[in-house]
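A.B. asks: Those protein sequences? They're chains Z and H, same order as listed. Numbers 1 to 654, taken from the working numbering, label the letters of the first sequence in order. Numbers 1 to 286, taken from the working numbering, label the letters of the second sequence in order.
If you're looking for bench data, these hints aren't it; they were derived computationally from the structure. Keep in mind it's a predicted model, so treat the numbers as computed, not measured. Be aware that one or more of the hints could be misleading.
Claimed, not checked - Chain Z stretches covered by chain H per the calculated footprint, using a threshold of three residues with CB under 8 Å from any CB of chain H:
no. : stretch
1   : 435-448
2   : 465-477
3   : 564-574
4   : 581-589
5   : 611-622
Glycine residues also receive a C-beta, built at the ideal position from the N, C-alpha and C atoms.
Here's the letter readout for the chains.
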Amino acid sequence: MTDGMMAIAILLPVVAGFLILAIRNYFARGVVVVITAIVLIANSILFAAKGPLTYTPPEGFEWGTLISVLDYAILVLYLLLGFKLRNRLVLIFAATQIIPIVYFEFVMKAHMDLRPAFVVDHLAIVMTLIISIIGSLICIYAIRYMRDHEEHAHVDKSRQSRFLFWLVLFLGAMNGLVFANNLFWLYFFWEVTTLCSFMLISHDKTQIALENAARALWMNSTGGTAFILAIIYLYVTQGGASALSVQNIIGGGMHSAAMVLPVALLCFTGCTKAAQMPFQSWLLGAMVAPTPVSALLHSSTMVKAGVYLVLRLAPAYAGTLVSTAVAVVGAFTFFGASALAISQTTGKRVLAYSTIANLGLIIACAGINTPLSIAAAILLIIFHAISKGMLFLCAGAIEHQIWSREIEDMEGLAAKAPLVTLITAVGMLSMFLPPFGMVLGKWIALEAAYKVPLAAIFFVLASALTIVFWTKWLGRLLQVVPKLGWPLEKLSPSYSFPLWTLFIGIFVVGFGIGPIYHYFIASATSDVIPGISMIGSGWANVVLAGSSAVQTGAAVRGSFPVWVLYLVLGIALFLPMLFFGLKSTQLRQVYLCGEQTGGTDTDEWCAEADIKTKFILGGYYFQGTLGEKALNPWVNTVAILLLAIMIVCGVISK
Amino acid sequence: MNQFIIVIATIVLAPIAGGLLFGIDRRITARLQGRFGPPILQPFYDLFKLLGKDSIAVSNMQFVWIYAYLILMIASLLCLILQLDFLVLVFLLGFAGVALVLGAFSTKSPYSHFGANRELLQILAYEPVLLLLAIAIYAQNGTFLISEIVSHQQPLLLSLWPLFIAVLYVLTIKMRKSPFDISTSHHAHQEIVKGITIEYSGPFLALYELAEWYEIVLVLGIIVLFWANPLWIGLLIAFAAFLLELVVDNIAARMTARWMVRLSWSVGLTLGILNIAYLYIMKGVF
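One chain only, chain Z, in its complex shape:
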């Protein structure tokens, strides 16, 4: 049974990927994707039902050797890509990975057999549920999306198979990554996700796509290099293969002071993958990829691998200066990326900055390193995956309605595509307003942040900035001329099924957070960091127990009445939307100083010399003060310093 489940989770996507690569027929390929999706979802639910388990592949096949060989294959491919793209940085950071590995395996003759090879604990189960369910939905969406994408671009030779191949293959790599207990295997899956990312970013083969893919590759390769160095350091100082077991690293029992430096290096690796500042530019560049890539790799799952690693290792650096440094690094990114998001004029870039910001928040929670903050981090991972995955899918659907990614072109989208606008609006509201899950997570994070006040202050500033950029964008969508009865647009089921499923998912998971916390997150939290659960798991309320860290500790630190807040949302927004309607006689034109030309549904006015002119409203972007040109030098400098401090903290903790 376990054999089968592990094989389906990791190997089925690979097999299905090759099958998809071979099929040239649009419909047949779609069927394969859908079947794979269903099987993966069912399998992940089976994992959840069965609970934690450990697994080592059966004897008789050299899995370790296969992984080593594939590792070399990937790294050699990076070298070749470096030559082909004439990119020195790709070459350098491929070499800095391949040389230490060769030295490690052949000169040091390290052997890395480890039991168990895979440990599926509650956190891994939460991750595999996210990967399998949300990932599969995005793959279904991609079936139709890529056809429209190619039709619009008038490509001669269809490359949809190749695209779906990497997309589906990625799901397997991601499952392997969260299950792996052997650090060396984890590194392999890590590199596969980097490879998938490169292939998918460069998919359109335009000059800019290739450049950005190369940037993503070298930046992630710096993380890969740190990963390899951490592995070798652990192996040498802690003596042998058992030091490479993730469970051993976080479970204690090893010489702990010497562990801090490699763990700090691994946190650095996590920060590169999670596009923390100053590495944010690769994720922004990745936005040139077709939207399913952004939804799957660059918001809901792959970047979460970085977060996952930092979170997973939390006990290994708990109580050290590294922990505080990690909290500040993440919190600063949360702040910086939220500020930069305000100046962005492209929808996908706003989403990218918001993703970077929220990943920063999650990493900061890991750094705060209390049971409460870890629970917040896991909640945020879940809710962010749902909301942001959905928002990217919306961005794709919008793009295929108006063929633009610019926020200014989305002006009045509520009139052109009411359904997509509704889903997008709810997605945006769910990112920053109560009662939705992201706010619940942010609320717990703020209440947990007392340990690192600097992080708390960044949280506060970032929260305020977050309100501005979402509301500003949402306002552009809603702006319509006075008219009633906008016709609903038609959406292909390949679009509407994932969109509506995630839409419902936001409410189901948000509303049911009490039981979900009780059954999944509480145990996942205690898998990460042992300690007493600080969260009361009532059905309708989330209640945080008090802390002794502040001297006058009260019994209850805070309480978030989830169901009541959903009731308020229902009364405030959904009741009037359902029951309120104007008659056309009640409509009037907007105030234009009497210079309007016609009825209510026109946006023309009499300009100079009474020439009829359409009036245009623009949004505010504050590019002078908050633009990338103005802020990037500052935030990048601070971020580099903070990362350096993090590593230095690792060195001196020895």
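Here the structure of chain Z is known, so what remains is to put chain H in place on it, guided by the hints.
C.D. replies: The following block gives chain H in isolation, referenced to the frame of chain Z:
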């Protein structure tokens, strides 16, 4: 049952108090400007008159958002009266602000958009101060619950006076008083049309007015928290703050939005951060 009565009483009594405060405001402002001024009950007459008018609108969503603004404002006031989590209150207040902004954005009207963009900057100016206040309250009391502030013997004002100063200009912003009446102003001579409320009329404008009444009670209620025990001192402080706003309003001119954000993010946040640092040092957390 007891809570139910409190909820009903709040919903009924808060607008009466808010309306009276606005009446007093108009009277005192008139006297400061050398006019006689309307009767204290004038806001109520205005409200009933607005309610009696035809409902005319420029879009369907406009009503939804302004109604949501009212409901969310009531919800955050209830958070205060029922003594729930202070952070939840701030989040709900933020949602209310967002609903008002989106109501103004949901129609293609240039003046309405002016107001909406400026209101967003106002949110940007006051939101961090309120969140910092929440953190300072936690550093002081070890809980975010308002009930703990109310039952605490030592008033917050003694240790949180820098944040109190910052909250005073939040009050200015929230009361839409000069120099922070950026998105819409009570003074016709310095207003671009009517800012964020330009497209509302009749009963819909009445909803907005009603929400403002709840809002002033809420913001003054937050000020009361600074000296919640005994309550009457807090009420006096809040009323004094209210009168102070009226004087400031009449001696200051409206400033630019950018200036407001700069001031808030420099002076206000510095006050807040120093305040929190002081509390941490006193508690020996560092």
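A.B. asks: If you check each hint against the structure, which ones fail?
C.D. replies: none
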